[in-house]
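Model the placement of chains X and V on the given structure of chain C, informed by the hints.
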Amino acid sequence: MTRVRNPQLNKNGELIHLLSLERLPSEIVTHILDTATNFVSVNDREVKKVPLLRGKSVFNLFFENSTRTRTTFDIAAKRLSADVFTLDIGRSSTSKGETLLDTVDNLSAMAADLFVVRHSQSGAPYLIAQHVAPHVHVVNAGDGWHSHPTQGLLDMYTIRHYKKDFSRLVVAIVGDVLHSRVARSDIHALKVLGCPEVRVVGPRTLAPAGFESMGTRVFDNLQEGIKGADVIIMLRLQNERMSGALLPSREEYFKTFGLTPEKLQWAKPDAIVMHPGPINRGVEIDSAVADGPQAVILSQVSFGIAVRMAVMAIVAGNSA
Amino acid sequence: MTRVRNPQLNKNGELIHLLSLERLPSEIVTHILDTATNFVSVNDREVKKVPLLRGKSVFNLFFENSTRTRTTFDIAAKRLSADVFTLDIGRSSTSKGETLLDTVDNLSAMAADLFVVRHSQSGAPYLIAQHVAPHVHVVNAGDGWHSHPTQGLLDMYTIRHYKKDFSRLVVAIVGDVLHSRVARSDIHALKVLGCPEVRVVGPRTLAPAGFESMGTRVFDNLQEGIKGADVIIMLRLQNERMSGALLPSREEYFKTFGLTPEKLQWAKPDAIVMHPGPINRGVEIDSAVADGPQAVILSQVSFGIAVRMAVMAIVAGNSA
Amino acid sequence: MTRVRNPQLNKNGELIHLLSLERLPSEIVTHILDTATNFVSVNDREVKKVPLLRGKSVFNLFFENSTRTRTTFDIAAKRLSADVFTLDIGRSSTSKGETLLDTVDNLSAMAADLFVVRHSQSGAPYLIAQHVAPHVHVVNAGDGWHSHPTQGLLDMYTIRHYKKDFSRLVVAIVGDVLHSRVARSDIHALKVLGCPEVRVVGPRTLAPAGFESMGTRVFDNLQEGIKGADVIIMLRLQNERMSGALLPSREEYFKTFGLTPEKLQWAKPDAIVMHPGPINRGVEIDSAVADGPQAVILSQVSFGIAVRMAVMAIVAGNSA
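Residue numbers (the working numbering), protein chains in the order written: chain C, 1 to 320; chain X, 1 to 320; chain V, 1 to 320.
Quick caveat, the hints were computed from the structure, so don't treat them as lab data.
Wrong hints could be hidden among the right ones.
Stated by the list, open to error - Straight-line alpha carbon distances no greater than 30 Å define the calculated DSS-like cross-link-like pairs of lysine-lysine that follow:
1. C/K11 with V/K48
2. C/K49 with X/K49
3. V/K227 with C/K49
4. C/K227 with C/K163
5. V/K49 with X/K49
6. X/K227 with X/K164
7. V/K48 with X/K49
8. X/K191 with X/K263
9. V/K48 with V/K11
10. C/K49 with V/K48
11. C/K263 with C/K163
12. C/K263 with C/K227
Said to hold, decoys possible - Take a look, some chain C residues computed to stay more than 12 Å from chain V by CB distance:
13. N10
14. R45
15. R54
16. K56
17. A109
18. L127
19. P278
Ideal Cβ placement from N, Cα and C applies to all residues, glycine included.
Okay, chain C solo, but in the shape it has when bound (with noise of 0.2 Å):
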């Protein structure tokens, strides 16, 4: 079986799409993460403004709602001086019939530079880059139970920031980690940057041993997953997967997952606690942990804005 060249890179290793971090070198991980603490620091300045992307337009494509994301993104961009516009899909030609790629190629022969896609389908994004011109780039927003690449660098930002090396931490993963990108794209990135060990924790149901194979371990009692951790990654309860089968009550969930103040004494007491947002304050956290001296939730949430300008200065600078 030959190996298909990696389509986030150019034939010079460089990046020109960031589609996931599965199968990213190190070096380019590293690269993006260094670049995004210049991006630090503009966001600290009275003008938060950089001309890098100055009179590139830049396309918000979200086929999946995400205000939130998408935001950041749009603050992203802005910061770096493109010009951001955002399809309201949901009203646009793709209600008329029209495919995916050929929505695309429209915007694509508007002279579009830069796509950042959110989707519902895994692998829309491939799609994508695989289709468009060489001067153009693709950012993953969000595919699916994919990938959720920018989440997963903000998080070894935030990491690296709070921990500085990789090379001896215990990370876990705690919640509904079947269903989360999140998930999967920082056990990929951990794995990358060297980390010894991952541990994903959760119900039976929601781990499944699947994430053995992912060089994980899995747990399903909080207290053996947490022993011991430096950085514990909370994952947001999707409200829509409560109704189902696989979950208890909230307060159940609560009472087992839920992070107290109390249950994080079981990890190191330096540990740092982490979540994607937007927190489900007495469900899968409890406020005296997000709001307490260990959480860095509000942290992730300003590097996630440098490290989405990185990422996007970094592709839009370099050419398939």
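Just chains X and V now, with coordinates in the frame of chain C:
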């Protein structure tokens, strides 16, 4: 009872948030109006743009829908060269159960500089202002029945423009005063600026005795209420009130309180007629008055952009 | 009967509004196309931006929803460095009963420079153009079945680009001509530019005799209609028409009027195939044609941005 410090001012007495015209010193009000004068001329230029807020991020947080008011803030912010982000709150995380302050914390973490807040709950902008970091500013774009300070300020700008001096004016506010944040804001501002006689005029059911404690005279007869007035501020009759028991039919309302050219003669010959818009032709105001020589309704709109530019430029220039 | 002055031109004959291609002098049309040529090259640059409309306020007034057309104007205006404001008309004051002209007056008072208007009622852009102040401009982005002048102009740009000269061309417009503002605009423009033979081709129910008075030849047989044609403009079959009594089934329509590679051979060998988009693959056009070497559909899209930039730059430069 100790006097709580006005949350709109920093310790030097400078404006850092605009939440209400209540308890705002007259020098601050006058400073805003004076600053707006400069921006009126910017809006007449070929290039309607100044760089005062370049690289700043302004977030429109409209928890209550108002395309018109949102657009005026959008225009004002962009003419100050800010980046403007409008959140479609109905579709965003607040609908996923995130709290108001969690939403604000998240946007603050994205390096927001200024929130323009509209909310159906009185006091929501106060809550946000008391919560945000010292370098973040809040402008109230209307909260419940409580306050709509930029509307109050643009009304003051308009009156000052046409009448120069407040010290001898008779101002009549006509309509559904009970439910009007515009009326409350106007009354506060007129008092602050030294207007000797403010009247509220409307059906007995909509202009309760409580207004007398605000230092206004209450009338339920239009002729008596606008007799000798220099300024008549007509309020919009909300359609949603029509169906209630508080009001007679539209036709009946127009007959009793609708302003026609004939009734306008009860006021001073040089009286100006104002309206916050959008007008209901044939309900609270006759077209012959709305389009007539005494109406200054479109001037209010023009001055409104300049006043909002002034408010944003002033608060963004001061720190807590 | 006195001839009413063309409301699109000022007294020097310069374009101040673009409302319809009807009665537009050929020099004006040619001037727009020539100007667009410069903007085609702007769209190929790294920095796709020129400062021609810097500090101007462009308002998208889409009373009829069209994400695609609105996006093209948004892109064009931002590449000219304008500030662009898009009103969500469905949620705005017009739904509160404000009249069209009151909305326009209000936005004009906010110092609007240019309105891009789409309306389901034919003539709405005219109404607005006759109402606004001399320094305010109106561009029709489609009104009822009447006119879609920027689509007509971009079609002319495309034909000129590929065929150079209009004086010997046979152009066939195929499909639901009766309900198509694109067809009407194309026919006017082709006549103005001296095209000797314009044909309209479609089911008898959709291409009434009235078109013959516009100087076109009417065909209800595809083979006869496109025989020897240099240019074939396929129209989109609106899904909403499908259910009516005017049309047979989709399958039947495709069999009779759908353009396949086989049928395309009836035209000249170097004929180009155009379509205003979004295309209905397998309804009015076969994928093999839409993606084939004779299709210039994506070029139309690219040229469309440049043509809209040209129109906005030209009208904004002239005063009434």
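Results for each hint:
no.	hint	result
1	C/K11 with V/K48	holds (27 Å)
2	C/K49 with X/K49	holds (17 Å)
3	V/K227 with C/K49	violated (57 Å)
4	C/K227 with C/K163	holds (17 Å)
5	V/K49 with X/K49	holds (17 Å)
6	X/K227 with X/K164	holds (21 Å)
7	V/K48 with X/K49	holds (21 Å)
8	X/K191 with X/K263	holds (26 Å)
9	V/K48 with V/K11	violated (34 Å)
10	C/K49 with V/K48	holds (18 Å)
11	C/K263 with C/K163	holds (21 Å)
12	C/K263 with C/K227	holds (10 Å)
13	N10	holds (18 Å)
14	R45	holds (23 Å)
15	R54	violated (6 Å)
16	K56	violated (7 Å)
17	A109	violated (4 Å)
18	L127	holds (16 Å)
19	P278	holds (24 Å)
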